[in-house]
Every structure is written in C-alpha cells, then in structure tokens.
Amino acid sequence: MIEQIAFGLVAAVLIYSALRVVSDGNLVHTVLWLGVLLATTAAAYVLLGAPFLATIQLILYTGGALTLMLFGVMLTGRHAGVTVPNDSRPGGGALILAAGMFGVLAAAIMGTKGLPASPYVPVSTRALGASFLTEHLLAFEVLSILLLVAMVGAIVIARKSDPAPAAEDAPAANAGPVHAVAPPAPAPTHASNEVAS
Amino acid sequence: MNPWLHASLYAVVVVTVLMTCTAWATWIERKFAGRVQSRLGPTRVGFVGLLQPIADALKLLQKEDIVPAAADRILFNLAPPLTVALALATAAVIPFSPGLLASDLDVGVLYVLAVSGLMVFPVWIGAWASNNKYALLGAMRAVAQAISYEVPLLLATTIPILLADTMSVSGIVEYQRDHGWFIGRPFGIGLAAFAIFFVASMAENNRIPFDTPEAESELVSGPTTEYTGMKFGLFYMAEYVHSIVVAALGAALFFGGWDGPGAPGLHWMVLKTVVLWTITLGLRWTLLRFRTDQMMNLCWRFLVPASLVVLMAAALWVHLVEGA
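Chains as they are written, first to last, in this note's numbering: chain A, 1 to 197; chain B, 198 to 521.
Mixed in with the good hints, there may be bad ones.
Residues from chain A that face chain B, not an exhaustive set, calculated with beta carbons under 8 Å [to be verified]: (1) Thr-55; (2) Gly-63; (3) Gly-64; (4) Leu-70.
Pairwise CB distance ranges, derived in the manner of DEER restraints [unchecked claim]: (5) A:Arg-126 to B:Ala-460: 32 to 40 Å; (6) B:Arg-232 to A:Gln-4: 55 to 63 Å; (7) B:Leu-388 to A:Gly-129: 24 to 32 Å.
Note that these hints are calculated values from the structure, not bench results. Glycine residues also receive a C-beta, built at the ideal position from the N, C-alpha and C atoms.
Extracted from the complex, chain A is given alone in its bound form:
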C-alpha cells in the first residue's frame, strides 16, 4: 500500500517536472526542473529495487550533468540576468510527436509477452559489476572509449588553437601590472579560462 502511494507521488512529481522542463520560459528554471526530474527518477529506481542505480543516477546525472548544464547556462549568457528566454512555442507539432511516441512505446510494452509479474527483481551490485566485466565487457569498453573520444573532442573544440608554452602560468607570474587588454600569450583569450582567473 505504502509502495503504491509512493509510486503515485513519484510519478506525479516526474510528470509535473517534465512538463515544467519543456514549458518553463526561464532557462535556469528549466535546468532546475530538470534537476527535480533527475532526482525523482532516482527515487523511482529505489522503488523498483535498484538502489545502486539510484545513487549513481544522483551522482552522475543530478550531481554531474546538471552542474555542467548550469555552467553552460552561466557561461553562454552574456549577462547573468534573471531571465534567459527559452520559448518553446508553438508546441502543437511537438505535442503530436510526443503523443505518437507514447503510443508506440505503450503498444510495444503491452505487446511484449513474458514480462516479469513484479518489477521488484533485486539485483545485487556485485552481480551487476560482475556482468559488466564478463557478459557485457565489450559494450562496457566501447562505451568507455566513446566517452573518452567525446572528452578529447570537447577539449579540442574548446582550445581553438595551441596555447603558447607556459601560457597557463603567465597570468599568475604577471601579478604586478594589470594586463587589461593584452595578455602575455599571443594566442586569443580562451573563453574557458575566464572562470578560473
């Protein structure tokens, strides 16, 4: 009984926050609603008997991905003002598409035979870890390489050009006179250094 009430609550929060993510006009609010959505997804995992997945969801998505999004919002907006417009109207086409997607997924789930009667199939973290390193080793390694490639790619895009040697330490060394216009390195100023300096 408690589990059904809890699931109802979690589902309600999930749907409401998902709606706010796509309908809120303020970009920062959108990101924060996404945070609610991701944290509630973790709660849903707990109810489904997957506490390990829930904590990983909190660490990686809510703690990690969302932080990066906040950085994105902060660094792209020239003025860190209160409202960053995020207009997602007209939404008619999106509504039809979403309804169609729901129909396809619902049909697929309803049409699948042999689903377990109860969603509660506890899998120990040990078994999960073992299956990553045996049964699903290839997928696991391919994913790791994919992430590595994405990371290297992001760094290459962010750098724009090769920095001059020791450019990184230069601002600290020149602490005396203020270089308002001309940085010591000939390379163009890096957008990514703005936060650090």
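Following the hints, position chain B against chain A.
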C-alpha cells in the same frame, strides 16, 4: 519494528541531536579560534560563554528578513532549508553504534556521497536567486570546487569499499572490527586513502583553506551575500552539520567506527568523530586560503592521480595478498 516507523523515529532523534551538536560546535569553534589567535572567544553569556549559541540563535531570529527586490523570491527562500535538509539526510546511514542508524542501505557509502554532492545545488540556487554578482561568482567557484573534488573523494571512498567488499557503512565498520582499522591496514594504502578522503572532504565542505567560494576579502560573503537573519543561519548550520557528518563518515570508514575496547560503541564513535572534526578546526584556523587555480591544481594534478594509484594498489593488495 516497522522499518518506516524506525527510520522516522530515528530521523527525529538524529536531527535533534545533530542540531544541538551543531549549536555547540559553533561554541567549540569560536573558543578554538580565539585561543589560536590569543583571544578568549565568547565569555559573556553563561559560564565560559556556554550559552552563546542560544544567544546567537535568538539574535539571528530577530534580524530583519530581507529579500532583494530583484531576487527570484521562491528560489531565494527555498535554498536555505533545502541545504539543511540535504546535510541532515546524509546522517541517515552513519552507524553511531551497532544498529544505531536510520537505515542500513546496501549502498550506504555511495548514498552519503551522492546526497552531499547535491548540497552544492541549494548554494548555487540561492546565489543565482539573489541576483548578486558576488554571490554568483562565489557559487560558480563552489560548483567548480565541488564537482572537481567529488572525483578524488569518490575514488578514495572506493578503497574501503574494495577492502571490506561491501558498500554498507555498517558492513565496513564490522569488517574493520574483525580485521583491523583501515587507517593502518593495509600498511600505507589505508593511510593514503584517508589523507585523500580528508583533504577532498574538507574542500567539498568549503572549509578553510578551501573556502574560496566564500572568500570574504574578495567576494563579500560569496553565495550567502544577500542572505540575512536565520536564512543565513541555515546555510551556516548546514555547513556545520555536513562537517560533522563527514567527520563521522571518516571515522566509520577508516577508524573502525564504533569499534573500540571497553566503552560502548557510541562513545568510541562520538570520540573519533569529535577528534577528526577538531583536526579540521586546527587546519582551518592555522592555514591560509588557497587561490582558486592552486586549488584546482591540487585536485586535478595531485589528488586525482594519487587516488588512482592508491586504488590500484588496494586492488592489487586485495587480489595478491588477500586473494592468495
């Protein structure tokens, strides 16, 4: 007892105890800071200033509650209670003596790290909602710091998990009771892991020398610049609760938690927590603040590689020595 009922009752007890401890932790800290700086600290209110926390709380409650005109009201008011709630939620899985915890989660250690990792959001939300550039700059530093130090913190806590072969905090403590505390066994590995854990957790908690987000000499008061009265007090309280919980987690993961001869487990756990917490105080009041770039260098160029090396060493130890 019904687990829901047990968890609820325990939550009431632990929240009350932690909040009380937090109040007098501020007294200890002020006395300590006073002595470090050749002062006496609070002396006026009550015997040796022992009633000072109550006077402080009354003072904070009386202060005018100001919400900046350009602030995002809802988020501005939401941030302080949220940060306290998250700080208190981490205490649920810390075993203060055998069986004395809200819920013995299988993934206890990860749970603490996940929830305390979220603590940076209320700070950011509050700062952004204040619509103040100092607050926002401080919050950006806090986020950058938290997300960076999360990596060595997670890697360092993986080591007790690996050695004890369980992710439950109680399980790790029980393993240490039977096999020796991780601070000394395996020799060197446990100590290195604890050192990384300790530094990273201080940084995550924004304690001096890692308090660049607050940096009162450059950023007024960082994320809490626009907060007044008890709302400011709540941020402060959350920081204290978090520092106590982190000290308790360190005691449980590396110093055998409630394990100890003679006295009941609770005494040992409290003693270890207080000692660890006091060490952070000592560091806090004797060290200078790092620059932001120095702090990032310490994390990415030293702590992360070091924690990877220690993790590999621990894995080899488990495989070659214990597995053989």
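Hint-by-hint comparison with the structure:
{"no.": "1", "hint": "Thr-55", "verdict": "holds (4 Å)"}
{"no.": "2", "hint": "Gly-63", "verdict": "holds (4 Å)"}
{"no.": "3", "hint": "Gly-64", "verdict": "holds (7 Å)"}
{"no.": "4", "hint": "Leu-70", "verdict": "holds (6 Å)"}
{"no.": "5", "hint": "A:Arg-126 to B:Ala-460: 32 to 40 Å", "verdict": "holds (35 Å)"}
{"no.": "6", "hint": "B:Arg-232 to A:Gln-4: 55 to 63 Å", "verdict": "holds (57 Å)"}
{"no.": "7", "hint": "B:Leu-388 to A:Gly-129: 24 to 32 Å", "verdict": "holds (26 Å)"}
Checked against the numbered hints above, the structure breaks none of them.
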